[in-house]
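> Next come the chains, spelled out residue by residue.
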Amino acid sequence: MDGHDTPPDASRRGMAEDVRRGLLAGLAILALVIPPVQQVLVQVAAPVSAGRLPDFGHTPASVATRQVVDWVAGTGNHSGQPFVVIDKKAARLYVFDAAARLRDATPVLLGSAPGDDSVPGIGSRPIAEVRPEERTTPAGRFVGMAGRNHTGEDVVWVDHGAAVSMHRVRTTQPTERRLERLASPSVADKRISYGCINVPADFYDAHIRPMFSGRHAVIYVLPEHKSLQQVFGFQARPITHAMPS
Amino acid sequence: MIASRLLTSSVTALAVVGAVGWAYAQTAPEPAAEAQTPMTTPADAAVTPAPDAATSGAMMNEPMERADRN
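Residue numbers (my numbering), protein chains in the order written: chain X, 1 to 245; chain V, 246 to 315.
Simulated from the structure, these hints should not be mistaken for lab results.
Where hints are given, some of them may not hold.
Quick list of simulated restraints, FRET-style, between CB atoms [what the hints assert, rightly or not]:
1) X:D55 with V:V256: 38 to 44 Å
2) V:G266 with X:S227: 24 to 30 Å
3) X:D97 with V:G266: 42 to 48 Å
4) V:G263 with X:Q229: 18 to 24 Å
5) X:V63 with V:V265: 46 to 52 Å
6) V:A268 with X:A10: 33 to 39 Å
7) X:P210 with V:M309: 19 to 25 Å
8) V:N306 with X:D55: 42 to 48 Å
9) X:G80 with V:N306: 17 to 23 Å
Some, not all, of what chain X presents toward chain V, calculated at C-beta under 10 Å [claimed, not checked]:
10) V63
11) P132
12) E133
13) V164
Cβ coordinates follow ideal geometry from the N, Cα and C atoms, glycine included.
Extracted from the complex, chain V is given alone in its bound form:
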């Protein structure tokens, strides 16, 4: 009897935590993604397809030598 009552309470608690937690996860903003929003560039903007500016020297590959526009 006691086990049954404990089980009922536990299942109820779990359901509440699960439901509210899921709803919270759906609605709460993702801090990292939100913070990056201003960094997005519109489709027509000219942006070099290059690694992030913080790339360390060890990870850099020097671009191919080519003629420039003087």
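Okay, chain X solo, but in the shape it has when bound:
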């Protein structure tokens, strides 16, 4: 070893010092670059906590309806668009604006058969071949869109594949007494269609047609047999905000 060489111990100490400095520099960089944990949690929770409480005004609605609208408003499941909720058990349809405020509600006519699913292939069968037990209005989250049926009538397709639409109440079969059924207080009277959702004509023109004009909107059809969890994939929370009596 000549006089210019560094002794091994000193060299190792020097390297250890360099590594230590490198570690400190790395940690300092990380402290600047990685956001605090709390900030990340707030970002993750934001879409849910930013949701609004739905506003039903003084309109009565079932607990299930309120739970679904709570979930929609809380999660933004409606993609910031107006949306429709159909409570099959009550045979009522609710129209909400993008802020989950109820705009209006109406009785509707629904499929005559109880059930939450459509029979596979039903959409491609002539209506005369649809058996009574197959005349269900399916439950689920549907992206509704304006369109026309085979007669050229403007409708809102709820489940195009299953031929389920929402349209003005049809009175082509007088024996079905559809207008009287709409006016009846009985929920059982509302089950008459082959699966379509019949809406009072003035309500359709005032709310449904404009809502789906030029855009899609989500239609939530509540189940009558299945649970909300099964149909919408969320665990219903107890309703805590005020309900009108």
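Since the structure of chain X is already known, use the hints to place chain V on it.
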């Protein structure tokens, strides 16, 4: 000598940043994906296979005319 020491420190710093950054990327939740979790629908739920509700009018295609279930 100075260059060697600088190199040692830099490599160490880079290794620390790389290792911790990688570990952070693996464990930190993805905000967008997390937020969408409640929107997923179970397999047995009936959902129209249609575009997102926010689709603009210009992008919409009117569905084929067909008979409905009255």
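> Against each hint, give a clear statement of whether it holds in the structure.
The hints, checked one at a time:
no.	hint	result
1	X:D55 with V:V256: 38 to 44 Å	violated, 60 Å
2	V:G266 with X:S227: 24 to 30 Å	violated, 43 Å
3	X:D97 with V:G266: 42 to 48 Å	holds, 44 Å
4	V:G263 with X:Q229: 18 to 24 Å	violated, 43 Å
5	X:V63 with V:V265: 46 to 52 Å	holds, 48 Å
6	V:A268 with X:A10: 33 to 39 Å	holds, 35 Å
7	X:P210 with V:M309: 19 to 25 Å	holds, 23 Å
8	V:N306 with X:D55: 42 to 48 Å	violated, 34 Å
9	X:G80 with V:N306: 17 to 23 Å	holds, 21 Å
10	V63	violated, 19 Å
11	P132	violated, 13 Å
12	E133	violated, 14 Å
13	V164	holds, 6 Å
Checked against the numbered hints given earlier, this structure breaks hints 1, 2, 4, 8, 10, 11 and 12; the rest are met.
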